[in-house]
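Undergrad: Take a look at the letters that make up each chain.
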Amino acid sequence: MTKILKINGLEKTYKSGSKELTVLRDISLDIEKGQTFSIVGPSGSGKTTLLGLAAGLDTPNAGTVELCGHDLNTLNEDQRAQLRNEKVGFIFQDFQLLPTLTALENVSVPLELQSAKNAVDRAKELLEKVGLADRMHHYPSQLSGGEQQRVAVARAFSNGPSILFADEPTGNLDEETGEKVIQLLFDLNEQAGTTLVIITHDLDLAARTQRILRLKGGKVLTYETTAAI
Amino acid sequence: MAWRDAKASRARLLLFMASIILGIAAVVSIQLFSQTLTDNIQRQSKSLMGADFRIDINELPSERAQAIIDSLKPDASEVSFVSMVAFPKNNGTKLVRVRGLQGDFPFYGKLETEPITAATSYQTLGGALVDATLMLQYNLQVGDFVKVGEISLPITGSLIAIPGNTAVSSSVAPLVIIPFRFIEDTELLQFGSRKRYEYFYNQPDADLAALEERLQPMLEAENADLDTHTSTSSRLGRRYENVGSFLNLTAFIALLLGCVGIASSVNIYIKEKIKAIAVLKCLGASRKQSFLIFLIQIAGIGILGGIIGTAIGVGLQELFPMVLKEFLPFDLTISITLQPLIMGVLLGLVMSVLFALLPLLRTWYVSPLEVLRVSGDTSKQSAKACYVAIAVIILFLYAFSYWLLRDWLFALAFIGGVLVTFGILSGIAIGTMKLLKTYFPSGAGFTTRQSLLNLFRPNNQTIVLLVAIGLGTFLISTLYFTKDILLDKAEIGQSSESANLITLDVQPDQVEAVANTFKANDLPVLDNIPLVTMRMHSIKNKLVNTLRTDTTTQIKGWVLSHEFRTTYRANLINSEEIVKGEWVGSQPAGEIVPVSVSENLAEDAMVTVGDSIVFNVQGVLMPTVVKSIRKVDWANLQPNFTVLFPSGVLEDAPQFNVLTTYAPTEASSARLQRALVTKFPNVSVIDLRQMYTVVEDILNKVSWIINFMAFFSILTGIIVLIGSVRTSKYQRIKESVLLRTLGAKNKQILTITALEYLFLGILGSLLGILLALISSLLLAIFVFEEPFAPSLIPFLVFLPGISLLVLGIGLSNIREVLSSSPLEVLRKSG
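Protein sequences, first through last, are from chains A and B.
The first sequence begins at 4 in my numbering and counts up by one.
The second sequence begins at 408 in my numbering and counts up by one.
Honestly, the hints are just simulated from the structure, not real lab data.
Heads up, some of the hints might be wrong.
Lysine-lysine pairs mimicking DSS-like chemistry, simulated, CA-CA at most 27 Å apart [unchecked claim]: (1) B:Lys1152 to A:Lys9; (2) A:Lys120 to B:Lys517; (3) B:Lys1141 to B:Lys1152.
Covered stretches of chain B (chain A as the covering partner; in silico rule of three or more C-beta atoms under 8 Å from a C-beta of chain A) [claimed, not checked]: (4) 827-841; (5) 1127-1133.
Even glycine gets a Cβ: it sits at the ideal position worked out from N, Cα and C.
Isolated chain A (complex conformation):
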């Protein structure tokens, strides 16, 4: 199978005052195309940092990240942005919708950034898929938490990403709504063949992915394959 994400010897340190704080130490992993993958670990274990580095949102102090066949160390910020725009989707715990845009406009942003011609049609299609056909012209502030996260899911899939990173996607949602969003995520993953990388505290959710990476103190604790295969 093709490897969509290859991480090798990744290390990240931050400066905290005069001290250096190592958040990630010697992380190596690889994810195959179309796989579902979860990263679990206690708070402060380096999950979000790892996701950020994997998606090219930050640069490591050591090690390499190869995303969709591109070595991120060799790309500049704009090139990494272009790669994200074309190949990557994101879902955040607190939705991160642009408050000044309607649901429809939020979903079409990634395609608009590519100057895609069918941006609005594609966004409408996706909103229908996530069950928000009647809420397209609402602003985020007029939507419930669950609806906002569904808009975020639609946005994440709007550019037809090869890989989708979800950072605790159900963290701000009630159990029922959370379950609906997760089901949606998995359905869309299945239909579009998108690789899914989820950061979560929820071990049941992690168990639904094909592989689980457990982090603790910035190091890999275990790297296991689940029954979900």
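Chain B: place on chain A using the hints.
TA: Structure of chain B alone, referenced to chain A:
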């Protein structure tokens, strides 16, 4: 709690403070300076006049007047008049004010000359003191000669300063001082010359008030005037008070602009604190407590801003003497008084609390339920509380303007004007947002749409930015347009149809020879106007002497003592228009002389068509009747008259003439002036081309002061701009980073921000210029009564300049976005 909360938002609160610092600095520095000016005028009262008191008269004193003057034993005297002088060294000629001095004047203050000894030696050596700038202009040195009328005198020194004279008055008519004993030899004091006799008294122990009370009525009856050093200085004080009021108002506008900045920043600040306030309320904080937390913060900022602003104001005060030196007849000693300092700090406190009041009120109405809500600010403010807050703000502004202007009507007009300007600017800002919302260009590209969306997004700064940019541009553009109108006005006379050289004081026996001199220089005689001087003897059968002592009369004082220069002719000229009655061009046989008076004279002398006026034409009483009232375009620089006689009456009265011509080049003008000065030393020539330069020079000096004041408003505007941009910085960073996370390139983020600020900059500055255009047009129509052809400079220079400045400030804000990691957004959520 207020302090703990403020510590966390220190940077933001400091920026709010910066908005008012400059305004306070401006107000305090001007207050201090006004105080210094008043102190200096009082302290230097005697040296402003150079004497304890003086008697002045615009004609040779009558016997009775001379008796009074002599009885007081003058210590010095002078006669002064405007005349042409020539500099044989380089054939230069110039219209100057000649002062023939005798005695040891000034008794207070100094006659500053170069060399210093010239101040006294010009009297003993029999030389002249010539204005220092004039000496530079004409490349004159001590020892060169100046020809005054029929005599030539060596220049003993250059005149730097003399009590009572300002740089501006010198630029209108530079001074040449000569010993009084030579005046007769100049032969310049002929019939009809405008001259002024002054007698100076060095009597430090005199009871000035008693003297004034006793002698003034007697002297007034003889057309003379007694001035004490105290009355002169208080008159001067009042004049500078007006200037002070104007400067104060400009400073106040800067402060208001800063306060609008505070109101807007606090509004966003409080919006962001709603959740925290709701949490506090959940934990049991009362409405009063939560309100006080933020009130104390704002009050603290106000006091601190007041203190810093006041300190800067004290420093700035030092700049004013430099800015105003051309207009001050004395050197300033800077002093610091307590009142402006206290006022500065209080103003900081009161203004910031007042303007923060509306957004602060919101804390009162925050419901603890906010904690549980996902988004949106649903706190409802009481409309009544808002109205009360707005009323308190307007009342305070009115009270403060009244305190600055001491005139309730002016204060009302000022506050009204400010409210209208702010109202128009914010109204247009709101209208623009609504228009954008309604007619949103959905078909435009993503970056364009995103940047336009930012203009009416939640927490947008459109209103405050447009007000700040608009007001700043409005101030400088109005200044520019007004200057244009004034210069255009002065430029009349530059066209070939109208005269640009006016020769005054031509004696009847010289008229032909002067006209021939014109012709010899290939210049036409455009006008030859006879002038007859006279005073009013009675108005509507009441003697002028009686009217002078009548305290109930509404007739303006100048009318009663003015020496009218009148003319006679059969026709009206193009600067005149009859508004009442009918014009009679020639004297009907056997009737009372029909005269025409100008509108302003009719108003000031309280006369109308049919009223009788008896004129004293050099000893001969001449009854007349007002037959018509004329509107006169005084702006037209050709000779105009308040009283016009028909032909057939004054032809035989003692008179002198004014001849005018048009000299196409400076060289031809100089040639004619030289010829006239050589042949007719008593004739004065006014060169309108030179006058234009003088007017331009004065306007430049005035506009330098206004520019200096506008600078405060503009700088405050920039600070408010930076403050507003910074206030929304965190939200901007968050959103821009999110866009970056979704794959936006730096160029796209830059374009979104650039378009937004460019739009704000262009709209704001365009609004400011358009408002300035309207106000200047109104000024042109109602005040200057001039046609107004707006200059393109504000459109070509201010519009792009200010737009680029706004763009620069906006872009500097997202520099951080471009350099920060997109991971921030994840950190916030993770």
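Undergrad: Each hint should be assessed against the structure and marked as holding or not.
TA: Hints, verified against the model:
1. B:Lys1152 to A:Lys9: holds, 24 Å
2. A:Lys120 to B:Lys517: Roughly 84 Å separates the two Cα atoms, so the pair is violated.
3. B:Lys1141 to B:Lys1152: holds, 15 Å
4. 827-841: Our answer is that it is violated, as 0 residues pass the Cβ test (under 8 Å) against chain A, missing three.
5. 1127-1133: violated (count 0)
Violated hints for the displayed structure, listed by number in ascending order: 2, 4, 5.
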